[in-house]
Amino acid sequence: MDWKTKEKLIKYILLIFAMSSIMFLTGIVIVLFREGLPIFYKIGIIDFLFGQEWYPTYDPASFGILPLISASVLVTLGAMIFAVPIGLSTSVFISYIMPKSIKNFIKPTIELLAGIPSVIYGLFGMKILGPFLKDIFGLPTGLTALTASIMLGIMALPTIISLSEDAITSVPKKFRDASLALGGTRWETISKVILPTASSGIVTAIMLGMGRAIGETMTVLMVAGGASAMPKSILKPVRPMTATIAAEMGETPVGSNHYQALFGIAIVLFIITLSFNIIADLTRKRFYKKVSGK
Amino acid sequence: MKETNIGYRHLKQKIIFSLLGITLCVVLLILAVIIYFIVKRGIGVISWEFITAMPQNGMTEGGIWPALLGTFYLVIGAIIFSTPLGVFAAIYMTEYAKKGRLVSIIRIGVNNLAGVPSVVFGLFGLGIFVKFLGFGVSLLSGSLTLAIVILPTIIRASEEALITVPDEYRNASLALGATNWQTVKNVVLPNAMPGILTGVILGIGRVAGETAPIIFTAATFFTMRLPSSVFDEVMALPYNIYALVTAGTFPAKQVPIAYGTAFVLLVLVLLINLVAVGLRLKFSQNKR
Chain A
83 MDWKTKEKLI
93 KYILLIFAMS
103 SIMFLTGIVI
113 VLFREGLPIF
123 YKIGIIDFLF
133 GQEWYPTYDP
143 ASFGILPLIS
153 ASVLVTLGAM
163 IFAVPIGLST
173 SVFISYIMPK
183 SIKNFIKPTI
193 ELLAGIPSVI
203 YGLFGMKILG
213 PFLKDIFGLP
223 TGLTALTASI
233 MLGIMALPTI
243 ISLSEDAITS
253 VPKKFRDASL
263 ALGGTRWETI
273 SKVILPTASS
283 GIVTAIMLGM
293 GRAIGETMTV
303 LMVAGGASAM
313 PKSILKPVRP
323 MTATIAAEMG
333 ETPVGSNHYQ
343 ALFGIAIVLF
353 IITLSFNIIA
363 DLTRKRFYKK
373 VSGK
Chain B
29 MKETNIGYRH
39 LKQKIIFSLL
49 GITLCVVLLI
59 LAVIIYFIVK
69 RGIGVISWEF
79 ITAMPQNGMT
89 EGGIWPALLG
99 TFYLVIGAII
109 FSTPLGVFAA
119 IYMTEYAKKG
129 RLVSIIRIGV
139 NNLAGVPSVV
149 FGLFGLGIFV
159 KFLGFGVSLL
169 SGSLTLAIVI
179 LPTIIRASEE
189 ALITVPDEYR
199 NASLALGATN
209 WQTVKNVVLP
219 NAMPGILTGV
229 ILGIGRVAGE
239 TAPIIFTAAT
249 FFTMRLPSSV
259 FDEVMALPYN
269 IYALVTAGTF
279 PAKQVPIAYG
289 TAFVLLVLVL
299 LINLVAVGLR
309 LKFSQNKR
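So the sequence lines, in the order shown, correspond to chains A and B.
Numbered per our numbering, the first sequence spans residues 83 to 376.
Numbered per our numbering, the second sequence spans residues 29 to 316.
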């Protein structure tokens with residue numbers, strides 16, 4: 083084989099490897115739809131998505147996943163209320179106020195938060211934060227939407243901090259210099275020049291943080307309490323989509339309605355996280371266009 | 029108060045900067061509190077026997093050796109599958125493909141794969157490896173599932189490492205008459221190795237802690253024997269923690285074991301991450 087054919091061959095083999103992510107993504111879609119799609123026909127798409135009762139093991143069973151979707155949305159929004167302000171102000175502090183020598187130490191430390199396995203967050207939330215909140219609010223159980231929100235917020239922090247910090251520091255230095263030269267203080271420069279320029283990068287960070295929170299499984303499985311009724315209060319137990327799948331898949335016979343419904347939930351979840359990621363991708367592109375000045 | 033008063037503006041800045049500093053302290057405090065409680069409640073359980081002994085009496089006594097070994101096997105399996113896949117994918121994207129639509133489609137694929145919830149990976153593994161390919165709930169199914177979970181991490185790290193290799197190196201090699209592949213193999217890859225290794229180590233840390241992808245594909249709560257083939261079910265540290273605190277029937281005896289397991293897992297994962305950070309620092313200093 084001469085070297086030209088060999089090079090071509092290598093190129094095509096590498097291309098197959100490079101396509102692997104897309105192949106797996108397609109594979110995930112195929113598996114989810116093959117196993118989960120029938121339930122949409124059986125129950126009806128409206129009744130499945132907006133049904134308010136999730137009693138998969140009753141006779142007759144009822145497969146409405148609105149309580150599960152609401153629980154996921156509730157704990158994710160709760161997490162963001164907590165994580166966005168803290169994450170954003172921390173990233174401003176790290177990127178512009180803190181001396182660089184300390185920053186090189188602090189940033190990896192915060193990234194350690196992302197390295198802690200979710201099951202350890204779950205254990206902490208279940209055995210330490212949960213009982214603590216139970217005493218404070220005088221609740222029958224400490225495993226509630228609030229506990230889950232706080233734990234998810236903590237878990238979303240490193241994503242939000244690290245990515246917003248990247249966005250803030252990639253604002254060109256001349257923007258800052260121009261503002262300071264006009265007599266703006268450092269805070270005015272940050273709040274009126276840098277943050278507006280970095281805004282789409284920050285939105286990307288928040289979207290990815292939300293995507294991580296809504297897809298997080300072990301923590302909500304252990305901490306959210308697991309009640310599948312419509313969430314009425316943030317101080318009550320709830321059952322988000324991920325927790326439902328993880329908790330019930332082991333006990334259901336393959337191919338049953340319940341099994342298909344769990345894959346149906348996964349389809350909904352997959353579409354939600356996919357849209358978060360696509361929005362994040364689009365805002366990221368807009369951000370790069372903005373800071374590169376094209 | 030006037031907006032133009034420079035004293036007022038500086039005071040305002042001082043107050044806001046202090047508030048921002050406080051939020052950073054809050055973040056660091058949260059990290060400290062979590063680590064403190066896991067260490068405090070876990071360290072008392074740790075002994076040589078706890079780490080090296082088999083579990084006894086339905087996971088109420090004894091050690092966690094099979095879980096430790098199971099996690100080790102899952103890590104090795106996942107790395108064996110995902111490292112070549114990820115590195116070759118990155119080589120294609122940085123060294124072979126022309127910048128354009130195909131690369132950006134591939135990159136969108138990588139980004140979206142990274143965003144798939146871990147439990148969905150678990151369902152995929154269940155559908156493909158456990159059921160369709162008939163591997164059953166096994167070490168093999170779990171490793172393959174976890175390999176897909178960390179694939180984006182490895183592709184991104186390798187890509188970053190390959191990009192930082194200066195073009196002069198490539199041009200020098202090509203000018204000497206080497207083919208593109210010879211250049212990649214002999215010049216680019218060796219120089220990108222520390223960066224790729226960092227990505228692999230981060231991947232190891234992630235695999236060691238992932239729970240949801242192995243619940244339906246590999247993990248078992250309690251087994252009296254060590255895995256002897258890739259088709260055996262395995263115990264794993266993170267699943268062990270989950271099962272002990274949620275399905276355990278003797279909480280008084282099992283929760284301390286869960287804390288002990290969590291301590292071991294936390295120390296392992298933090299060490300792995302420290303190694304990765306250290307490697308990255310050393311690597312970036314060499315470059316300068």
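Check each hint, because a few of them may be wrong.
[What the hints assert, rightly or not] Computed cross-link-like contacts, EDC-like style, restricted to lysine to aspartate or glutamate with a CA-CA straight-line distance of at most 20 Å:
# : chain 1 : residue 1 : chain 2 : residue 2
1 : A       : Lys90     : B       : Glu77
2 : B       : Lys40     : A       : Glu270
3 : A       : Lys88     : B       : Glu188
4 : B       : Lys127    : A       : Glu89
5 : B       : Lys42     : A       : Glu270
6 : B       : Lys126    : B       : Glu77
[Stated by the list, open to error] To spell it out: a stretch of chain B is covered by chain A in this simulated footprint if at least three of its residues, at any positions, have a beta carbon under 8 Å from a beta carbon of chain A; those stretches are:
# : region
7 : 84-96
8 : 240-253
[What the hints assert, rightly or not] Partial pick of chain B residues on the chain A-facing surface, computed with a CB cut under 8 Å:
#  : residue
9  : Leu39
10 : Gln41
11 : Leu113
12 : Tyr124
13 : Gly137
14 : Val138
15 : Val147
16 : Thr207
17 : Asn208
18 : Val273
19 : Leu294
20 : Val295
21 : Leu299
22 : Asn301
Derived from the structure by calculation, the hints contain no laboratory data.
As the structure is a prediction and not an experimental result, all values here were calculated from the model.
Where a beta carbon is used, it is the ideal one built from N, C-alpha and C, also for glycine.
Quick rundown of the hints versus the structure:
1. Lys90(A) / Glu77(B): 56 Å, violated
2. Lys40(B) / Glu270(A): At roughly 10 Å apart (the allowed maximum being 20 Å), glutamate 270(A) and lysine 40(B) satisfy the hint.
3. Lys88(A) / Glu188(B): With Cα atoms ~26 Å apart, lysine 88(A) and glutamate 188(B) exceed 20 Å; violated.
4. Lys127(B) / Glu89(A): 19 Å, holds
5. Lys42(B) / Glu270(A): 12 Å, holds
6. Lys126(B) / Glu77(B): This hinted pair is violated, its Cα atoms lying about 56 Å apart.
7. 84-96: violated (count 0)
8. 240-253: holds (count 3)
9. Leu39: Because about 10 Å separates leucine 39(B) from the closest Cβ in chain A, which is outside the 8 Å limit, the hint is violated.
10. Gln41: 4 Å, holds
11. Leu113: Holds - the Cβ of leucine 113(B) comes within 8 Å of chain A, reaching about 5 Å at its closest.
12. Tyr124: Holds. Min distance 5 Å.
13. Gly137: 4 Å, holds
14. Val138: OK, holds: valine 138(B) within 8 Å of chain A, min 5 Å.
15. Val147: 4 Å, holds
16. Thr207: 5 Å, holds
17. Asn208: 6 Å, holds
18. Val273: 6 Å, holds
19. Leu294: With Cβ-Cβ at 6 Å, under 8 Å, it holds.
20. Val295: At 11 Å from the nearest chain A Cβ, valine 295(B) fails the 8 Å test, so the hint is violated.
21. Leu299: It is violated, given that the least Cβ distance between leucine 299(B) and chain A is near 10 Å, above 8 Å.
22. Asn301: 4 Å, holds
When each numbered hint is compared with the structure, violations occur for hints 1, 3, 6, 7, 9, 20 and 21.
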